[in-house]
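Starting from the given sequences, assemble the full structure and let the hints guide the process.
Protein chains: 2
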Amino acid sequence: MAQQKELRSVTEWRIKMTDGSSEALAPEAGLACRAWLAVKGLIMGLILKVCNFFEKAWNLGQNEPRKVIHCLKVGMALTVVSLFYYMRPLYEGMGGNAMWAVMTIVVVFENTVGATICKCLNRICGTFIAGSLAIGIHWIVSQSGKEFEPFINGISVFLLASAVTFSRFIPSVKKRFDYGAMIFILTFSLVTVSGYRVDKLLELANNRVYTIIIGTALCIMITMIICPIWAGEELYMLITRNMDKLAYSLDGCVGEYFNDSGSSSDDDKECDKKFLGYKCVLTSKATEEAMANFARWEPAHGRFNFRHPWKQYLKVGASMRACAYCIDALDGCVNSENEVPESMKKHMSNIALKVSSESSRVIKELARTMKTMTKSSTVDYLVGEMNNAVLELQEDLKSLPTSFINPQPLQGADCPEKKKTRTVALMDIMPLVTLTSLLIEITTRIEGMVNEVEELAEMGEYKSVADEKNQKQPAVSKTNVPDEHKEEV
Amino acid sequence: MAQQKELRSVTEWRIKMTDGSSEALAPEAGLACRAWLAVKGLIMGLILKVCNFFEKAWNLGQNEPRKVIHCLKVGMALTVVSLFYYMRPLYEGMGGNAMWAVMTIVVVFENTVGATICKCLNRICGTFIAGSLAIGIHWIVSQSGKEFEPFINGISVFLLASAVTFSRFIPSVKKRFDYGAMIFILTFSLVTVSGYRVDKLLELANNRVYTIIIGTALCIMITMIICPIWAGEELYMLITRNMDKLAYSLDGCVGEYFNDSGSSSDDDKECDKKFLGYKCVLTSKATEEAMANFARWEPAHGRFNFRHPWKQYLKVGASMRACAYCIDALDGCVNSENEVPESMKKHMSNIALKVSSESSRVIKELARTMKTMTKSSTVDYLVGEMNNAVLELQEDLKSLPTSFINPQPLQGADCPEKKKTRTVALMDIMPLVTLTSLLIEITTRIEGMVNEVEELAEMGEYKSVADEKNQKQPAVSKTNVPDEHKEEV
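Chains as they are written, first to last, in numbering that gives the first Met the number 0: chain A, 0 to 488; chain B, 0 to 488.
Simulated from the structure, these hints should not be mistaken for laboratory data. Keep in mind that a hint or two might mislead.
Because identical chains share one entry, a pair is satisfied inside a single copy or across any pair of copies.
Under the rule of at most 20 Å between Cα atoms (straight-line distance), these lysine-lysine pairs were calculated in the PhoX-like manner [claimed, not checked]: (1) Lys314 <-> Lys284; (2) Lys278 <-> Lys199; (3) Lys370 <-> Lys310; (4) Lys174 <-> Lys284; (5) Lys145 <-> Lys199; (6) Lys278 <-> Lys314; (7) Lys174 <-> Lys55; (8) Lys174 <-> Lys48; (9) Lys397 <-> Lys173; (10) Lys174 <-> Lys345; (11) Lys173 <-> Lys55; (12) Lys344 <-> Lys66; (13) Lys173 <-> Lys66; (14) Lys353 <-> Lys284; (15) Lys370 <-> Lys39; (16) Lys353 <-> Lys310; (17) Lys48 <-> Lys173; (18) Lys174 <-> Lys66.
What follows is the structure in structure tokens.
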């Protein structure tokens, strides 16, 4: 860090120097001098870029120390496996084939335990199946005579490589066995082709399988023992973190609309950024799917058993995304140019804020349910509260027309639209109506989230805090949940 | 195909047999018989699964013949490269190192040209740099005496492997040089470690580089000459196809709301599915980014030159996604339970349909612009029309209150809410107001799309149909486009 700072200060000093000298020299500068300055500038630029790169890397390392640990683990695994070369007894057992152990580690060692195990199993199975098949074919071919061998080999490589490459496009294969299929092609081609020239084919294949098993075992051991990063836990953290973000964004968007009352300054924009957490939810699908895919290879760890329903997390994620789409639309509509008269805004403010805070309370409760992995005793009650707030909001909206059909003396005389209240009325309250309507839609989608999380709690066998407590709680909402909203989500 | 049909008919026949026999035998069946039936059922299930798998594969192949061609290309490349083993003069030049050519082809041959080139360049550079570095270190170490070699080697492998693994987490490296970094670690470890035992290290490294260059050259040639699949073109097609889907969905959602007038049958649900094209847009981000990443490695092809602004496609994609979020919210709100009185619906129907059709015309025009790669002469005019329709829609909405404050005799007496028109009025028209508001938001976001596509047309140097024609066109909309909506998108 100290070194870096020094470097940067040197760079800054040099840039100052360059600037100063170029200004002073520019009028009388000869061609050589200019060229020198250009080169200097270029080098400076390069140094700056490199410094920037290292600064970024440093920040990344500080923010996510587990990534640094992963790197050290890779370095360690490689150093350990190279002992096979340095120690004579080990080398004599393996010979040059120790290369395959090194290669396995480099290729197979992934960030999360699940990804590493997935690749390891794929590599072992792919190598073993392809190797056996290739040796079998080689044996059959060797009976038929040397002159046909290249043709039969060529045809078998062509056919199998094409077929297996094609299978990699099939979604169910791609999701789980993509790497294994590639290793299958690789091993089959290598064994078949080199079988033509190598005599001790079986020994070669044997050695290769051993070294690969050594490499994968080392990988799995190191990745699982030293500060393991579990894909399942990452997925779990991602989902709960995103839930919190969603709750915060929903609160923020609605709150901002009713609180800031038109004074848009720089502060507001900063505020705005804070409420954009839901944007992370919008685009999290790919990450979630990758994580869930790896998580299913992981053994029981922490609070998750082997058959933890990782797939259900994807459904929870999807329901969260449906919610986030609505928040995005809400954010857009609410920030449109149409200004609502302050009086109308005040009229609705309390209840709209109540709906949003009740909604985000439900989301937070869901996040809490997942974090503690206990069935929530209050979520039904909270959903009921949320639905009650929605009903109140609808009632309040119903009362609006009367108040603007018979215009009462409005407080706050800073409202120029007052004169033409009668004609522009509906246009004026349009953002309010839209907000209401989107809030209602959001509550529907939140109920979708509740259902998915409850199913997760069922499948993941979450503990219930106290069963008798559960029964005392009034089951307000359950009857309100319409059956159709599952299709919408 | 014929074989497959036969297989399936056999399976069906067997299943019938099993069903029949199990019903007949169930009462008097002994344990052995039951076990036999269980085994039979298991085998049947397996056969069915395999049949299903092959059917899926067959359909995939029929739908996307280019994938089949890709597989044949992989098979061909592998067969060609195995000639290095079968032909004596070639084998004598290469020896066992020909293995590296085979391996290169299996690992590097990707579906699209861009991905293949990216991996090839990464592999060559990674191998070359790491090889040189390792040989350099080996030379220095060899001066210092054999006994220190393992330690210095070990430390250098540990440090470099850790550092390069870490660099793979930095986004800018990950995006372009992830594979190269992995190959760097692989080569460096292999050369450093085997340098301890192999004497002719330079020759070995040389051979390896040659074989890798041969393998990559073959890959690039085959992938570019035989039915090339360009990542850039895929991205381009994806974006234009998604635009058409978006236009169709928008039209469909609004049209469905106004046309079907409450009669929800099974037909409707099928209709619904057709309009869900926008869902593809919602989750297309990851694919688009991968494609754009590969496209930049591709040479000029078809209508795209080397420096085609692929990054701008991502921006277009993002603006489309913003639009799709709104359509999703629209779809949800519109399908909620609140029923709008028919008369109100009719009152708004024409103009709302007009807005949606004008909007989708703009999207279609954008898609056409991209498809023909000519600057559109009509898009400004169409945007103007769209904005005019929005104004009309707003006017119509303004006229609504008067019509429901002084209730006129309504046609269509099937409307039970009529009695309490005065009080429930606003609740009744809420979906209409929301629809309007979301439509307006969608048009704003469509203008964002227009801006991005226009920028693309500028950067991609699209031809303009006729410059003078362009100037005659009234520039209606340009002044209407607010500056802020870029932030929203």
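Going through the hints against the structure:
Taking CA atoms no more than 20 Å apart as the test, Lys314 paired with Lys284 passes in both settings, with 10 Å inside one copy and 19 Å between copies. In this homomeric assembly, Lys278 and Lys199 never come within 20 Å of each other (Cα to Cα): the closest approach is 59 Å inside a single copy and 56 Å across copies. When the C-alpha separation of Lys370 and Lys310 is checked against a cutoff of 20 Å, the pair qualifies only within one copy, where the shortest distance is 17 Å, while the shortest distance between copies is 39 Å. Taking the shortest alpha-carbon separations for Lys174 and Lys284, both the intra-copy value of 15 Å and the inter-copy value of 19 Å come in at or below 20 Å.
In the homo-oligomer, the alpha carbons of Lys145 and Lys199 lie at most 20 Å apart inside one protomer (16 Å), although the nearest pairing across protomers, at 33 Å, exceeds that limit. Proximity of Lys278 to Lys314 under the C-alpha cut-off of 20 Å is found in both arrangements, the shortest distances being 18 Å within a copy and 16 Å between copies. For the identical chains of this complex, Lys174 and Lys55 are inter-copy neighbours only, at 15 Å across copies versus 33 Å inside a copy, given an alpha-carbon limit of 20 Å. For a Cα distance limit of 20 Å, the shortest separation of Lys174 from Lys48 across copies, 17 Å, qualifies, whereas the shortest one inside one copy, 38 Å, does not.
Taking identical chains as interchangeable, the C-alpha atoms of Lys397 and Lys173 are never at most 20 Å apart, the minima being 54 Å within one chain and 55 Å between chains. In this assembly of identical chains, the alpha carbons of Lys174 and Lys345 never lie at most 20 Å apart, being 53 Å within a copy and 49 Å across copies at closest. Proximity of Lys173 and Lys55 under a CA criterion of 20 Å is satisfied inter-copy only: 13 Å between copies versus 34 Å inside one chain copy. For the homomeric pair Lys344 and Lys66, neither the shortest alpha-carbon distance inside one copy (49 Å) nor that between copies (58 Å) is at most 20 Å.
With identical chains, the CA atoms of Lys173 and Lys66 are at most 20 Å apart between copies only, with a shortest distance of 14 Å across copies and 27 Å within one. Taking the shortest alpha-carbon separations for Lys353 and Lys284, neither the intra-copy value of 30 Å nor the inter-copy value of 35 Å comes in at or below 20 Å. With identical chains, the CA atoms of Lys370 and Lys39 are never at most 20 Å apart, being 55 Å at best within one copy and 46 Å at best between copies. Neither within a single protomer nor between protomers do Lys353 and Lys310 lie at most 20 Å apart by alpha-carbon distance, with minima of 34 Å and 43 Å respectively.
For the homomeric pair Lys48 and Lys173, the shortest alpha-carbon distance between copies (17 Å) is at most 20 Å, but the shortest distance inside one copy (39 Å) is not. When the C-alpha separation of Lys174 and Lys66 is checked against a cutoff of 20 Å, the pair qualifies only between copies, where the shortest distance is 17 Å, while the shortest distance within a copy is 25 Å.
Of the numbered hints stated above, those contradicted by the structure are hints 2, 9, 10, 12, 14, 15, 16, listed in ascending order.
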